[in-house]
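**Q** For reference, the chains in residue letters:
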Amino acid sequence: MSSSSIIVIEIKEVSKLYPNKSGIQNINAKFTSGQLNLLVGKNGSGKTTLLKCIMGVVRYQGKIIRNRSVIGYAPEDYVMPYFMSVYDFLQSIGKIKDCPKISLEQEINELLAYFELTEYANRHFGALSNGMRQKVNLIQAFLNRPKTIILDEPLHGLDQESQSKIMKLIKERVKESLVLISTHYPELYKTRKKSLYMMEEGVLYDRNNQAAVSLSLE
Amino acid sequence: MIATIRLQYRYLLSKISLWFLAIVVISLTVGIIFASGFHSQTGASDLNRQAMNIEYQNETIMILKFALIIVTVFLTIQGYYSQLSKYHLFFLQRPNGKKQLAVSKIISIMLIQGLIGLHGGLTIHLTGLYLTPFFRMDFLFFNAIVQVILEMFILGFVGGILIQMVDSIFSGLVPLFLFWVAEMNSDYAGIISSQSLKIVYSVMPNPIFFEGKWMTVYSIEHYLIIFVFLGVLNLMIFMLKDIKS
Numbered sequence: 001m002s003s004s005s006i007i008v009i010e011i012k013e014v015s016k017l018y019p020n021k022s023g024i025q026n027i028n029a030k031f032t033s034g035q036l037n038l039l040v041g042k043n044g045s046g047k048t049t050l051l052k053c054i055m056g057v058v059r060y061q062g063k064i065i066r067n068r069s070v071i072g073y074a075p076e077d078y079v080m081p082y083f084m085s086v087y088d089f090l091q092s093i094g095k096i097k098d099c100p101k102i103s104l105e106q107e108i109n110e111l112l113a114y115f116e117l118t119e120y121a122n123r124h125f126g127a128l129s130n131g132m133r134q135k136v137n138l139i140q141a142f143l144n145r146p147k148t149i150i151l152d153e154p155l156h157g158l159d160q161e162s163q164s165k166i167m168k169l170i171k172e173r174v175k176e177s178l179v180l181i182s183t184h185y186p187e188l189y190k191t192r193k194k195s196l197y198m199m200e201e202g203v204l205y206d207r208n209n210q211a212a213v214s215l216s217l218e
Numbered sequence: 001m002i003a004t005i006r007l008q009y010r011y012l013l014s015k016i017s018l019w020f021l022a023i024v025v026i027s028l029t030v031g032i033i034f035a036s037g038f039h040s041q042t043g044a045s046d047l048n049r050q051a052m053n054i055e056y057q058n059e060t061i062m063i064l065k066f067a068l069i070i071v072t073v074f075l076t077i078q079g080y081y082s083q084l085s086k087y088h089l090f091f092l093q094r095p096n097g098k099k100q101l102a103v104s105k106i107i108s109i110m111l112i113q114g115l116i117g118l119h120g121g122l123t124i125h126l127t128g129l130y131l132t133p134f135f136r137m138d139f140l141f142f143n144a145i146v147q148v149i150l151e152m153f154i155l156g157f158v159g160g161i162l163i164q165m166v167d168s169i170f171s172g173l174v175p176l177f178l179f180w181v182a183e184m185n186s187d188y189a190g191i192i193s194s195q196s197l198k199i200v201y202s203v204m205p206n207p208i209f210f211e212g213k214w215m216t217v218y219s220i221e222h223y224l225i226i227f228v229f230l231g232v233l234n235l236m237i238f239m240l241k242d243i244k245s
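Protein sequence lines correspond, in order, to chains A and B.
Sequential numbering from 1 applies to the first sequence in the working numbering.
Sequential numbering from 1 applies to the second sequence in the working numbering.
Rather than coming from a laboratory, the hints here were simulated on the basis of the structure.
One thing to keep in mind: the hints can contain errors.
Subject to a maximum C-alpha distance of 25 Å in a straight line, what follows is the list of computed DSS-like cross-link-like pairs (lysine-lysine) [said to hold, decoys possible]:
| id | chain 1 | residue 1 | chain 2 | residue 2 |
| --- | --- | --- | --- | --- |
| 1 | A | 12 | A | 165 |
| 2 | B | 198 | A | 147 |
| 3 | A | 95 | B | 99 |
| 4 | A | 42 | A | 194 |
| 5 | B | 213 | A | 147 |
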């Protein structure tokens, strides 16, 4: 990958505090493409809050620099439309993400086949198991090959075979996109090119150089 | 934008919502048909046509108002309460996704309100024309039905704004309370003599029957300004507030 195509998300002194005092405090970090960015931490440590700040869906103090392109985001907590078929849902998400019609159909079919969901394409979400819904949640994030992919607990609810498949796909996408994953199981992502960030009570630590990146720019 | 609206509908019209809306629409239709008095002897309804017509108009517009306020409260809670909006993040993957989501939400809710209002208006007129000997087409009555739909759009905005600000299902019930207050005091002389009722009626174009005709307390232009103001305020709050899902 040439240096000009490197994708970066730069977080400068970002804080987001909720009324119950939880949230994130004074985060500084730089996530780059070409490696797997893993965000680990206990429940309630602020991982999802940081991802929401990057997505721009919550207001925060500080600055986040990223290019304003489509993001592929798979949330941890989501609801699927009960009366919609898997294919229609993916097609709608693809259109929302400005995916060209011809490539969209091909991409949906390829991803459905990859996750062995082709036979469920025309079924409503009401007829799908939680694992299948999670696969669709991940597929929609990968649609239109976004330059930034953010996955919140992507392995949640998946069997071992599906976990291997998603990790293989993530490794592929790391080559062309900035991939940021929030997870409780960093050891499952077996790749040399990975950066580990630890969230603890709203503070971000860079596990690669054992420093609190929250304070690194102070 | 069409894809956003389409997906928004699929979320708004969940299994429970469809059942609920179907029950409301069926009740509305049956209520209007029965209000025509088609089952009573034609001679009775033929006796005093003018009085019967006024009674039919009053009853049916009341049924329509109640059906629409229930739908409005239900849809605004369904659309804006954070615990029922855990799908928002799917829409926010594109840079201007939040704006599109906000607009699509308003359009989707208004379209359902409008369609149910249209169904009610058509049912009232068709039932009146074909099942009663007394019903006559009346522009002011037709106008009152349109104003009921506008009133529900406005109350939908009020509900949406309150739910976003307080994030409680109970704040979504405020439009029902406002409607109840307006409806319980729908006497023109009473309204103009009470400052608080004037305020309520300045926000919602609740049509009242006064001196033999249908009217609203303020002009249609006044209510259109309120409608635009509350619509913009609703959008702005959505844009500025955190997505809690």
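**Q** Run every hint past the structure and note whether it holds.
**A** Here is what the structure says about each hint:
1. Between residue 12 of chain A and residue 165 of chain A the alpha-carbon distance is near 34 Å, which puts this suggested pair outside the 25 Å criterion.
2. Among the hinted pairs, residue 198 of chain B with residue 147 of chain A is inconsistent with the structure: their alpha-carbon atoms are about 55 Å apart, more than 25 Å.
3. Note on residue 95 of chain A and residue 99 of chain B: the hinted pairing holds, with a Cα-Cα distance of about 16 Å set against a maximum of 25 Å.
4. For the proposed pair residue 42 of chain A and residue 194 of chain A, the alpha carbon gap of about 20 Å is at most 25 Å, so the pair holds.
5. The hinted pair formed by residue 213 of chain B and residue 147 of chain A fails the criterion: a straight-line CA distance of about 63 Å is larger than 25 Å.
Checked against the numbered hints above, the structure breaks hints 1, 2 and 5 and satisfies the rest.
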